[in-house]
Structures are given as structure tokens and as C-alpha cells.
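K.L.:
Chains as they are written, first to last, in the working numbering: chain A, 1 to 470; chain B, 471 to 756; chain C, 757 to 1086.
Quick caveat, the hints were computed from the structure, so don't treat them as lab data. These numbers were taken from a predicted model, which means no experiment stands behind them. Where a beta carbon is used, it is the ideal one built from N, C-alpha and C, also for glycine. Be aware that one or more of the hints could be misleading.
Here are the simulated DSS-like pairs of lysine-lysine, each with C-alpha atoms no more than 27 Å apart in a straight line [stated by the list, open to error]:
no., chain 1, residue 1, chain 2, residue 2
1, A, Lys-168, C, Lys-925
2, A, Lys-408, A, Lys-361
3, C, Lys-873, B, Lys-477
4, A, Lys-155, A, Lys-349
5, A, Lys-343, C, Lys-873
6, C, Lys-925, A, Lys-269
7, A, Lys-316, A, Lys-153
8, A, Lys-169, A, Lys-155
9, A, Lys-379, A, Lys-348
10, A, Lys-379, A, Lys-353
11, A, Lys-169, A, Lys-361
12, A, Lys-166, C, Lys-821
13, A, Lys-169, C, Lys-821
14, C, Lys-873, A, Lys-247
15, A, Lys-166, A, Lys-262
16, A, Lys-353, A, Lys-343
17, A, Lys-316, B, Lys-522
18, A, Lys-150, A, Lys-269
19, A, Lys-324, A, Lys-150
20, A, Lys-168, A, Lys-150
21, A, Lys-155, A, Lys-166
Stretch-level coverage of chain B by chain C, calculated; a stretch enters the list once three of its residues show a Cβ under 8 Å from a Cβ in chain C [what the hints assert, rightly or not]:
no., region
22, 477-487
23, 524-533
24, 538-544
25, 561-567
26, 576-585
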Amino acid sequence: MKAQGKEGVVADKERVDVSKLDELTRRDLIKRAGAGVILVYGGLGAKSVAYGAPKYAKKELAGTLRILQWSHFVPAYDRWFDNVYTKAWGRANDTEVIVDHVGQADLPGRVSSEAFAGRGHDMVALLAPAPQYEDQVINHNEIVQEVSRKRGKMKPVAFRSCYNPKTKKYHGFPDSYAPDPVNWRRDYWQEAGFGGGPTSWDVVLRAAPRLRSAGHPIGIGMSNEIDSNMALMALMMCFGSFIQNSKAQVTLNTKATREVLKFARSLFKNGMSNEIFAWTAASNNQGFLAGHLSMALNAISIPRSAELSNRDLASKTMLAPIPKGPNGRLGLEHVMHTYMIWKFAQNKKMAVKFLADLEIKYTGAFENSKFYNFPSFPKSVRNIPVRLARDANTPTGKYKILGTISEKYTKNVGYPGFANAAIGEIFDTFLIPQMFAEVAQDKRTPDDAARDYQRRLGTIFTKWRRRGKI
Amino acid sequence: MITLREKLTSYAILGPFAIVLAFPFYWMLWTSFKSDQDLYNVENIPFSFDRKLGSPTLHNYSFLFHETQYLTWVRNTALVGVAVVLITLVLAVPAGYALARVSGRWGQGMGVGIFLTYLVPPTLLFLPLSYVISHFPLGGQRGLQDSLWSLVLVFPSFTVPFSTWLLMGFFKTIPRELEEAARVDGASRLATLARIVFPVSLPGILTVVIFSFSLVLNDFVYALSFITTSSSKTISIGIFTELIRGDVFFWQGLMAATLIPTIPLAFLYNIFLNRFIAGFTGGAFR
Amino acid sequence: MVAVAGPRQRSRGRRLLDVFEHERYLAPALIGPAIVFIAVLVGGPLLLSLYLSLTDATGGSLGGKFVGKSNFTGAWADPNFRRALRNTVLFTLASQAVVLLCAGLIAHALTRPIRGKWILRLLILLPWAAPVPLSTIGWLWIYDSLFSVVNWTLVHDLMPGGAHLYLYKIVNAVTPWTIQPFNPPQWLGDPTLALGAIISVHAWRIIPFAVVIFLAGLASIPSEVEDAAKVDGAVGLKKFWYVTLPLQLPIATVAVLFGIVFTATDMTVVYILTQGGPFNSTHMLTTLSYFVGIRAGSLGEGAAISLYLLPVLVIVAVLMLRFARKVEVS
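Same shape as in the complex, but just chain A (with noise of 0.2 Å):
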């Protein structure tokens, strides 16, 4: 990751040549030498430049704008969004842009206390929608409508996540989320005998024990931490079991939950270890890039690090859809970066601008993040597989997978329903990892725990009710 120096300065510079093009506007091409400055400065590490005294076009300012995020788990993309594209759009628009960062655990921390307070941050974008919120942020539809005039519809699985259609109000405006492809290891798997990697559970669960023997067990979390959340409700809906319904009601009590409970108790019983009880949400990662295991449910985060770290691992890292279940493919977004702008906001105007203005032209923070950014609108970046076909990391052309798991396997959290704030709760307290964990070793079985956390999840349910959200 580390390992960027002067690769990694190139690297933007060819970036921001191709966003330019969409980005900026012609008073911003004669200032090009000076942001490539900032950009050159940036990428060698001095990132306290960004809130230098920064040149507008008129004198007066129309104000400032600030703005609440992630640490961007690319550090480029961060150089990008803070130091090129705000200072670019600033000066374009008249408003100093000021971002501040903190590690996406520790974000909702910061962002209660501001809610709490009624001050702080114009906007703050958190990593899955947060609709427990919606008292305190503006109604985002103005955002969805301009930007739908001009790059057509929102995608289903942004709408589902921001839109509440009992108040019927957005309650987030989501620029962009991460596809969750299955990350898999080719020679790992070829030895195993199954060469055509994990194309449905059942191949999985076939696959797993060879592979554990062989050293490189299937590593699906059962932990408290977000990718353990992500991987088991995708794995749910595969098998026909979801949350709540379409009118959010708890349908968790089904055969089809006993039955994903009894297939991950058997999966990890015969293909996975204990480490998958301890995992944090750097853990998989660091176990696929120690060549210990052979899947994974992740972001491209993973064979992104690798091909910093270790091209060799990169090369035979694959990407893949969902696998199959009985229910089909239904896989989740892995990251829902989702904007909410405060009704305390100073500079709601230009917050609202800003994001208009940012996804309608994403191509740059597409390019930027890897491919971790996937617009939410997907007519704001042209040429989607062209972009993803070009990426020139071996084998070319894997990370093509990307575009299939955007169109067709990418649900929401809380899918067929929306995300409403009992399903946040039901994350944030990671209870289905509980649910799962405690059938994989065996502390419950698979009835108790279906009729268990049905009046669970039902409590909370009918907490948020009452309180008119749901």
C-alpha cells in the first residue's frame, strides 16, 4: 500500500488528465499547471497544502463549504478529491471546499455528535446510509431530480438505500457504492479440482474441504465488523431468506433461513477455521494477501493491495460474482458512500451544487478510486466496461466482472425493502453475524435461532415504528 512515491504521482497525473476532460471547466484549463502543482505536492505526502490560501476568480467568496468523509482506504483518491477536484470546483464555483477525514469506524462517532450539537460539517457522508438521520438532514430529492434531468435514472439499489417511502423523503444522497465481487485464488482452486472457481454455494461448500486441507480454508466472517454484516446477508438472500419484506415486515422466520443457517454451519464446519469468529474488517484481506486463503467476500480493496504489494498473488487473484444459491444470485453493495447534507448546514446551496455537480461529471472519482467508486447514476461515467476492460493489471480485463455485478447482482442492504433505520440497527449491532456465529458453533440450532432472532429483529422493528419511520 505504502509503496507508492513517484509511481504513485504518475499514476494521478494520467488520471486527471482523463477526468479533466469532464471535469473542468475552460477557466480551470488555464489553471491547470497550478492545480498539476498541488497535485505533484500532494502525491510526495504534504497534504497539510490543501487549505492554503487558494485563488479564486472573483474576489468575493460565495463561501465556504465543508465537508465530512472516510479515509478513502486509496490514498490517491483522497490526494485527488481533496487537493484537485474541490480546489478545481471551488474556484469554478467561488466556495473555499474544506474535507476533513476520519477512518470510516470511527465516523459515526463524529457524525452523532454534530447531528447532536447542530453544528459542524455542511455535509458528512458515511459508509452505508443512516436513516436514523432523517429529522435532521435536508429532503436530498432536489439532487436526485437535477442530476436525473440530465444522466436519467438512479440505480435501484442507491434508490432503496436513500429513499424513505414512508416519510417520503431521501434521506441521504448516495454518490456512489462499491460492488462486493467474490475474490477467489485460480491455483488454489485448480488443485483443489475445481477450476471454474466458486460459481455457486454448492460448488463452494463441495470445494471447501479440499481447499482447507490443502491450507487455504474459505474465509466467510461470522464476526462483528462489516464485511462479515455484507457477505452473510448476500448469502441469505441466495438461499431465499431475507430481513423484512417489500412493506417492512420481519421475515426471518422461513425454512429458507434454517436452511442458509444449516449450509453455513456445514461450510464452516468442513471448509472454514476459527479465525473467521475473530476477524476485524482488515482480516480477510491480510489473510488473502498472506496466501492463506482461498475466497473471499470483499471489495476490490484486496487485489488492489496486492497489486501494490505482491503482483504475483495479484495476478492469481480473480474476481467473481455472487455464487449461485437456491434463490438465484442476489449479492450486496459492499459500500453505500452515501452524503447527507444537515439542515444546520451554512452553505446548504453549494452543498446541494456540489453533489449535483460531482456525480453528474463522475468519471474522475470513478478513475480515481480504482473502480472502488461506482456511480450511482450509471450514465455519469461513459463507457463503464471500457474503462473496467482497460485496467492494465493481469490477467487483463478481470476486473470486466465489475460491471456484470453492477447491473445484475447488486442489492441493497434490507433488499426487498429499504434500508430503513431498524435494518441500520439490526448492522450496526451486528446481530446476523450473531445469528450466524452462534449456529456455527453450535450454541443454538438452526429453529431456535430462526425463531429467536425473528422476535428479535421484531423488537427493533417495532421500536422505529413507533417513532414513525418505518
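Once you've looked at the hints, dock chains B and C against the given chain A.
P.N.:
Okay, now just chains B and C, sitting in the frame of chain A:
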């Protein structure tokens, strides 16, 4: 003076404990010089370096110093620590003295009362406190949000209760006759306080200084919710933001960032330990 | 030595300062600032939290509908809450037991004048000097699911050359546990081990502090007592039991009291090590309150969870403080 047996027992006790207590730091030191490939190799011996894979390397340290604002965070932490210590002294020394002397039997009860406020967990306080700091009359539109001053304001809320209680005990050990002698000479109470009482209370004050400073270092929740501007971050939250990126931990950098403040501080604590002990002896057990 | 101007020369300003000569004014003037400060920054927020715990406040709202004690009863009905309550007590008591034992031993050994004491003391003080969030990250790496140095040491051959030394074989032979080298213990992935891991980190970070308090306590034992004990022929265990231990009790009480407060009100260690996992079995009240109240946005319920902690702590603290002083008086 002491027998050989006593000496050997001491070593037998201290040796293993020192190893166990210091081991994590030894391990951090080792980790901090590893290259990514060496670190993420399950079979590699953790106690040696694999030269083929580029270890040992100073890369992680240069990354910390050149590509993050690490030094700024260290400076911020030190600044906040010093300011908090000063505020703590200004509030706690007079209060501790008064509770010990002037207000008689009420003093004890009130001292315990103040101590009890130290028990309130920060999880319960940080939301209301974030309201307080962002509506603080000074500091402009967003109050003290994202400013180091927010920490300077809030941290004494947990250093003052403890320090007052400790100093109260300490002042009780200073003989009243010392003050009365000065008063007979015509000194005012305030002058007595400044010229007689404080100088002899230095060990107690030193205890409060070290203790408050270490509490400041240990904070996580408050700094996390008050500060997002990179140049105003303290060490803990700074490295959490820059060295844990999404689902990638930069382990070596994290370890290096921990060692750099810890080792000099441990030296400092050790140098002042005897005086610290003297302060505590006076404070906690009288 | 203390030269002060006579009454005749006093200016008006001095006369103003005269109010401080009266105890009626002096005490409030000295205590006042601290009390006001604490009242504003702890008292106010605490009352607000109390109020929130009685409402259905969510996310960023400053209040909500009054719901009485339903947040408290709701939390009580949640098995994860009761587990967290049990864990809080367990973590606190177990880690303090370890601390008490280890710190007592270390402090006694440190009172003897031995060579190399300074460096030993430095090593022992290290955990205290490290900021807790950072040192806990160090522990996260030590207990990592795949790269744990503890596991490496257990399952790899430690002898260079032809000889073999596998620690796990020793463990398997001597203890009731069985370690499989291909499936090593998951320190943060098994509920029992994770409890142990968390307790060990808490004990580790508090031991140096407790050692210091013990040293202070030992220093406060008048040397006449030691001498008297020697004359009476009290040595070794006898001396420890009849002389040192009674004198140490108040010290131990103070050390334990701080340890309890540090452990029970801390959320950093669990938050960083396990986030409450595996399967929400290692939550403490503080972390559960954070995840329910802050992450998930059920603010009222989160406040209620935290508030369960407070009365227990207050009772414990008051009892211990009274005990500490009483023992000394008698």
C-alpha cells in the same frame, strides 16, 4: 543490607514481570521495521527479518514523518496536555486546599462528592459535551468544534475531580503550625498559601501533573467526536484516521507511532517516580 | 522571612483582598471555580443524559417523547444487555484481582535495593506511558487471527538445527487444553479466550499504575513499624500477614478503586479489540451503549444502558473510600 535470598527473589519476581509487561513494545519495535511482504508471510519468523523481502526497512518511519502530519499530532497532544495540566492545577489546588483546611468536616464529604463525578463514563457525556463545545460563546460560528481548545476545555472535567481529591489529602499532611507561624508574622491567608503551603506541596502537585497528563493521553472518545481537522488531531485519533484506511491497517506505521511517544514518556515517568510516590503517599493515604 | 506590609499601608485593593481573611468567603472562593466547572461540564451533561434515557430520542434529536422507564426495561429484556452487564462486572473484578496480585508482588520486590532496578522499573512502567488506544492496537496485532505472535511461538519449532521444541506439545501434555497447530487458538474469536484477552489487556495497562500506588503506600509505612517488627522477630510470611498486610489494606483499596473506575468506564479496549465480538459476547455496558445509542441511533436506549453502570460504581466507590480511611484510623 539485604540477604542474597531476598535479592534473588526480587529478580525472580521482577524479571518475568518486566518481560511480560514490556513484551508488546518489543514486538511493536520489531514489527515497525518490517516490510509488507515480510509482515504478511505466515511462515516467516516474526523475530527476524527476511532480507529477500526488503526487511528491515525504515520506510514505515519515513512514511509516518513525511506522508502524515505525525509531528503535528505529537505537538498537539503535548500542547493539550500542558494546557490541561495548567487548568487542572489552577482549579484543583485551591479547591483541594480549601477542602482540607477551611471548610472543616464538610470538606471530607464534599471531597468524596467531587471524586464521584470522576465515575461518570465518557460514553454518557460526550454527546452533551459536543453540544456544549460547539455552542461555546468563544470561537465563532461553530464554537470550539475542530479546535484544540475543545479538548483543553473538556479534559479537565475528568482531571479536576481526581486531582482535587488527591490534593485534599495531601494538604492535610502539611502541619497547620507552619501556616499559623506565618500568620502570626502578619501574612495574609493568600500570601501564606502562595509562599508557605504551595512550595511544600510540590510533590503532590507533581503527582497531579503526571496523572493528569497520562489521562489526557488515554482519551479516545472525546477527541474522536470533537476533532476532524487533520492539523488539529491528537496522536491517537490522527493515526487512527491516516493509518487505518478502510479495511487496510498499516500495522508497521501504527506500531512506530505508538513507540515514539511511549519510550521518552516512560523515561520521564521513571525519572520522576520517587517524587511522584512521595506525592501519592501524602495524598491518597491521609 | 515573610515580610508583609503593616495595616496602615494597605491600599484599597488590599482591603478588597481582606475578604479572603474570613473563612466564610475564602472557602467558597477557593472551591467555587472547581465546583462550577464540574457542575457545568459533568453535572449538566449528566442531567441531559438522564433526561434522554427517559425519552425515545433518536439520532441527533435533543429530546423526544417521554417514555418513562421503558428504555431501562427494554434494555433489561435484551440478552445482549445482560451479557454486557455480566461482562462489565467480570472484566472489572477479574482484571483487578490480577492487578492486585501482580502489583503487590512487583512493588515489594521493587522496594529492595538491587542492581538494575532502574531499568527493570522502566520496563514495568512502559504500559502506563503508552496511550491506551495505541497500545490496544498493539495488542490487536499480537492477538491477530492469522499473524498472532503468540500462536506462531506456540506452533513453530523454536529450536534451530535438528532439535525440536514445540510449545504446543508441552501445553497439550501438561494442561487440559488441546492446541491443534493447524487451527491455533483464536484469542479474539472464542468467547472464553476473548474474555481472557480483554482482561489481560486491562490488567496489563493498569498494573504499572497500581505498582506506583503500592510503592507510595509502602513508603508511607513508618520505618519504626518495620523496626518493631524486626525486634519482635516477625519475618517472612508472618511479618507479611501481621504487619505489612494490615498496613497495606488502605493502599490496596485505593489502587483497586482506581482500577475499577479505569476498567468499568473504559470503552476503548473492547471497542478496538473485539467490537463486542465474537457474537456480541464481549460487550461491556459502555461499548454496547455506544453501538446501540450512537451507531444505531437509539439514543435514549443507549443512555439508559450506560446509566445502569453509574449507581453501582457510586456505591462501590463510597464504600471503598470510607473503608480506606477507616482502616487507617483504627
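K.L.:
Look at each hint and say if it fits the structure.
P.N.:
Okay, the hints, checked on the actual structure:
no., hint, verdict
1, A:Lys-168 / C:Lys-925, "violated (64 Å)"
2, A:Lys-408 / A:Lys-361, "holds (23 Å)"
3, C:Lys-873 / B:Lys-477, "holds (11 Å)"
4, A:Lys-155 / A:Lys-349, "holds (25 Å)"
5, A:Lys-343 / C:Lys-873, "violated (61 Å)"
6, C:Lys-925 / A:Lys-269, "holds (24 Å)"
7, A:Lys-316 / A:Lys-153, "violated (37 Å)"
8, A:Lys-169 / A:Lys-155, "holds (17 Å)"
9, A:Lys-379 / A:Lys-348, "holds (26 Å)"
10, A:Lys-379 / A:Lys-353, "holds (18 Å)"
11, A:Lys-169 / A:Lys-361, "holds (25 Å)"
12, A:Lys-166 / C:Lys-821, "holds (20 Å)"
13, A:Lys-169 / C:Lys-821, "holds (22 Å)"
14, C:Lys-873 / A:Lys-247, "violated (70 Å)"
15, A:Lys-166 / A:Lys-262, "violated (35 Å)"
16, A:Lys-353 / A:Lys-343, "holds (15 Å)"
17, A:Lys-316 / B:Lys-522, "holds (21 Å)"
18, A:Lys-150 / A:Lys-269, "violated (51 Å)"
19, A:Lys-324 / A:Lys-150, "violated (36 Å)"
20, A:Lys-168 / A:Lys-150, "holds (22 Å)"
21, A:Lys-155 / A:Lys-166, "holds (20 Å)"
22, 477-487, "holds (count 8)"
23, 524-533, "violated (count 0)"
24, 538-544, "violated (count 0)"
25, 561-567, "holds (count 5)"
26, 576-585, "holds (count 4)"
Checked against the numbered hints above, the structure breaks hints 1, 5, 7, 14, 15, 18, 19, 23 and 24 and satisfies the rest.
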